[in-house]
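Trainee: Those sequence lines, one after another, are chains A and B. Counted from 1, the first sequence has number 235 at position 235 by my numbering; the numbering is strictly sequential. Counted from 1, the second sequence has number 130 at position 130 by my numbering; the numbering is strictly sequential.
Check the hints yourself; a few may be wrong.
Derived coverage of chain B by chain A (criterion: at least 3 residues anywhere in the stretch with Cβ under 8 Å from a Cβ of chain A; other residues may be distant) [stated by the list, open to error]: (1) 6-18; (2) 58-70; (3) 89-100; (4) 148-154.
Taking lysine-lysine pairs in the DSSO-like style, the calculated list, with each CA pair at most 27 Å apart, reads [as the list claims (entries may be wrong)]: (5) A:Lys-83 / B:Lys-88; (6) A:Lys-83 / A:Lys-147; (7) B:Lys-140 / B:Lys-3; (8) A:Lys-130 / A:Lys-145; (9) B:Lys-87 / A:Lys-83; (10) B:Lys-3 / B:Lys-79; (11) B:Lys-88 / B:Lys-3; (12) B:Lys-112 / A:Lys-83; (13) A:Lys-125 / A:Lys-145; (14) B:Lys-181 / B:Lys-3; (15) B:Lys-77 / A:Lys-83.
Among chain B residues calculated to face chain A with C-beta under 10 Å, some are [unchecked claim]: (16) Glu-28; (17) Pro-30; (18) Pro-31; (19) Ile-108; (20) Lys-112; (21) Phe-114; (22) Thr-119; (23) Gly-171; (24) Thr-172.
Hints were generated in silico from the structure; no laboratory data involved. Quick caveat, the model's predicted, so the values are computed rather than measured. Just so you know, even glycine gets a beta-carbon here, dropped at the ideal spot from N, CA and C.
What follows is each chain in one-letter form.
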Amino acid sequence: MEITTTGLNAITSPHLHVWDWRVSLYLFLGGLSAGLAIMTSILHVRKGGSLAEGERAAISAPIYVPVILSVGMIFIFLDLERKLNVFWFYLTVQPLSPMSWGSWGLLVFYPVSIMYALAMFPEQKRHLLKFRQLQELSALLSTYKLKLAALNFAMGIFIGVYTGVLLSSFVARPLWNSAILPVLFLTSAMSAGAAFMIIISNQKKVKLYFTKVDIWLVLAEMVLLPLFFYGQYTSSGANRESIMPFFTFSHDYFLYGIGMLLLLVILPIALVMKYLEVKEDHGEDLTASELMKMNVSALMVLAGGMIIRFTFVYAGQLSHLS
Amino acid sequence: MPKYAMVIDERRCVGCMACVVACKKENEVPPEQYRTRVVEKVEGTFPTLRMELRSELCNHCDNPPCVYNCPTGASYKNKENGMVLLKKYRCVGCKSCVAACPYDARYINEEKGFADKCTFCEHRVKEGNQPACVATCIGKSRIFGDLDDPKSVVSVALRDNHSEVLLASTGTRPRVYYIRKFGKPE
Numbered sequence: 001m002e003i004t005t006t007g008l009n010a011i012t013s014p015h016l017h018v019w020d021w022r023v024s025l026y027l028f029l030g031g032l033s034a035g036l037a038i039m040t041s042i043l044h045v046r047k048g049g050s051l052a053e054g055e056r057a058a059i060s061a062p063i064y065v066p067v068i069l070s071v072g073m074i075f076i077f078l079d080l081e082r083k084l085n086v087f088w089f090y091l092t093v094q095p096l097s098p099m100s101w102g103s104w105g106l107l108v109f110y111p112v113s114i115m116y117a118l119a120m121f122p123e124q125k126r127h128l129l130k131f132r133q134l135q136e137l138s139a140l141l142s143t144y145k146l147k148l149a150a151l152n153f154a155m156g157i158f159i160g161v162y163t164g165v166l167l168s169s170f171v172a173r174p175l176w177n178s179a180i181l182p183v184l185f186l187t188s189a190m191s192a193g194a195a196f197m198i199i200i201s202n203q204k205k206v207k208l209y210f211t212k213v214d215i216w217l218v219l220a221e222m223v224l225l226p227l228f229f230y231g232q233y234t235s236s237g238a239n240r241e242s243i244m245p246f247f248t249f250s251h252d253y254f255l256y257g258i259g260m261l262l263l264l265v266i267l268p269i270a271l272v273m274k275y276l277e278v279k280e281d282h283g284e285d286l287t288a289s290e291l292m293k294m295n296v297s298a299l300m301v302l303a304g305g306m307i308i309r310f311t312f313v314y315a316g317q318l319s320h321l322s
Numbered sequence: 001m002p003k004y005a006m007v008i009d010e011r012r013c014v015g016c017m018a019c020v021v022a023c024k025k026e027n028e029v030p031p032e033q034y035r036t037r038v039v040e041k042v043e044g045t046f047p048t049l050r051m052e053l054r055s056e057l058c059n060h061c062d063n064p065p066c067v068y069n070c071p072t073g074a075s076y077k078n079k080e081n082g083m084v085l086l087k088k089y090r091c092v093g094c095k096s097c098v099a100a101c102p103y104d105a106r107y108i109n110e111e112k113g114f115a116d117k118c119t120f121c122e123h124r125v126k127e128g129n130q131p132a133c134v135a136t137c138i139g140k141s142r143i144f145g146d147l148d149d150p151k152s153v154v155s156v157a158l159r160d161n162h163s164e165v166l167l168a169s170t171g172t173r174p175r176v177y178y179i180r181k182f183g184k185p186e
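Isolated chain A, as found in the complex (with noise of 0.2 Å):
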């Protein structure tokens, strides 16, 4: 029996936590836009398009991507110890680092991103756009629709594995080096990006198409999180004392606890609102009480999102192999 260890880790030493709050942050909102913009791209090629005709987020969700994207940039910006070098990202490829393809994964998801919403500004909008040239490149992007929402959906596919890829390539933290996790947040980020899709969005058509693709979304999250524990706990014992902050309601370990707690009740409530807006006999136009279920549903699985990316990155600091 081991009593006492000095070492020199987060758990003997509390402030050795390697990333904080705005990598979590970062990894959330990174993860949105990306889901965004993947729901971007089915809104406007699902249903030959027709579901995007007349819809207001057809034209905001493109502009929100970058923009999300942008904020979380800036948190993650903030986290660097030496900002001034940052430069450095991209004057080398380090083929093995995923922090490196995704700086350049990020280089190009950045234009992508702006690209396919200059392209899917509206002819009739186009006043708009402050300068001359940006109208006649929305003009010349329009043409290429089609392969954008391709590109842009690719890109957001690969963002959103990156942002769990970054952390499952970690052998030294047994809770992060799982192959399930990259998948988990490419979900997770998929389902936010189609709940922030019902949010903004103000056809009854498109918020129900996308209430019930986050149906399906949730439920594989409902399945990944299980299996991923399941894994953890069937593996060395190492990965199964990694997953015991979730489920130890102790003095250290309260919050991952109720961070589980939270998970499983957000979760399944909004399964079930979701469900029930799905089935219920809408009118013409929804009421303002479906309009605020259908809300509260998305902004839980948001919550959702946020609390797996904040309890995992913090969790896992402590996982430890020795």
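Put chain B on the given structure of chain A with help from the hints.
Mentor: This is chain B only, laid out in the frame that chain A set:
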């Protein structure tokens, strides 16, 4: 080309922490931060207790996760001597290497912001000296030398004793070896 390695003979460590102090002085490590440490691990049930004094530092792995995870190439494996080193001017302080190291050997230098670590005192080794922690070790618990030289102290120590590396299952192939209780009687 030398293949530098360190052997920690735990049987000879007295826990004086002189290595920790020498390292901090030699490398100007900020207060409350360390490139090396001596872990005190007590096992057993009172009164039958046993204490392990285990010096820990960067393992200068042959398969270093910190190098693979570095997005800017700041962390690198020196091909000439096998040491895992840092190009400070390229480090952005993203802390990827800190998270990647299974030995918790890296930390963010609070004064300068880069992800600092043990360098096996490369500047001293280049001049033909021992790393500061080795030179100051009064129990001769820390041994440093060239693995490719069969007559070096590390080669002899590893030949004469059973040795282990930390967390071998991670596949990092460390260059810091530990001699524990299975050595030849002295």
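Trainee: Hey, does the B:Pro-31 contact hint survive, CB to chain A under 10 Å?
Mentor: 13 Å, violated
Trainee: Can the segment 6-18 of chain B be counted as covered by chain A under the rule of three residues or more with Cβ-Cβ separation shorter than 8 Å?
Mentor: Not satisfied, violated; 0 residues make the cut.
Trainee: Given the proposed pairing of A:Lys-83 with B:Lys-88, does the C-alpha separation stay at or below 27 Å?
Mentor: 13 Å, holds
Trainee: When you check the alpha-carbon spacing of B:Lys-87 and A:Lys-83, does it fall within 27 Å?
Mentor: 16 Å, holds
Trainee: For the pair supplied as a hint, B:Lys-140 and B:Lys-3, is the alpha-carbon distance within the 27 Å limit?
Mentor: Given pair B:Lys-140, B:Lys-3 holds - Cα atoms ~21 Å apart, limit 27 Å.
Trainee: Holds or violated: is there a CB of chain A closer than 10 Å to the CB of B:Gly-171?
Mentor: With a minimum Cβ separation of about 8 Å from chain A (threshold 10 Å), the hint on B:Gly-171 holds.
Trainee: When the nearest CB of chain A is found for B:Thr-119, is that gap smaller than 10 Å?
Mentor: 18 Å, violated
Trainee: Under a C-beta cut-off of less than 8 Å, do 3 or more residues of the segment 89-100 of chain B approach chain A closely enough to confirm the stated coverage?
Mentor: holds (count 11)
Trainee: Restraint: B:Phe-114 near chain A, CB-CB cut 10 Å. Satisfied or not?
Mentor: Where the cut-off is 10 Å and the nearest Cβ of chain A is about 6 Å from B:Phe-114, the hint holds.
Trainee: Between B:Lys-88 and B:Lys-3, does the CA-CA distance stay at or below 27 Å?
Mentor: Holds: B:Lys-88 and B:Lys-3 sit about 23 Å apart, inside 27 Å.
Trainee: With the threshold set at 27 Å, check whether the alpha-carbon distance from B:Lys-77 to A:Lys-83 stays at or below it.
Mentor: Roughly 24 Å between the alpha carbons, so the hint for B:Lys-77 and A:Lys-83 holds.
Trainee: Holds or violated: B:Lys-3 with B:Lys-79, Cα cutoff 27 Å?
Mentor: Distance of about 10 Å is within 27 Å: holds.
Hints 1, 4, 6, 16, 17, 18, 22 from the list above are not met by this structure, while the remaining hints are.
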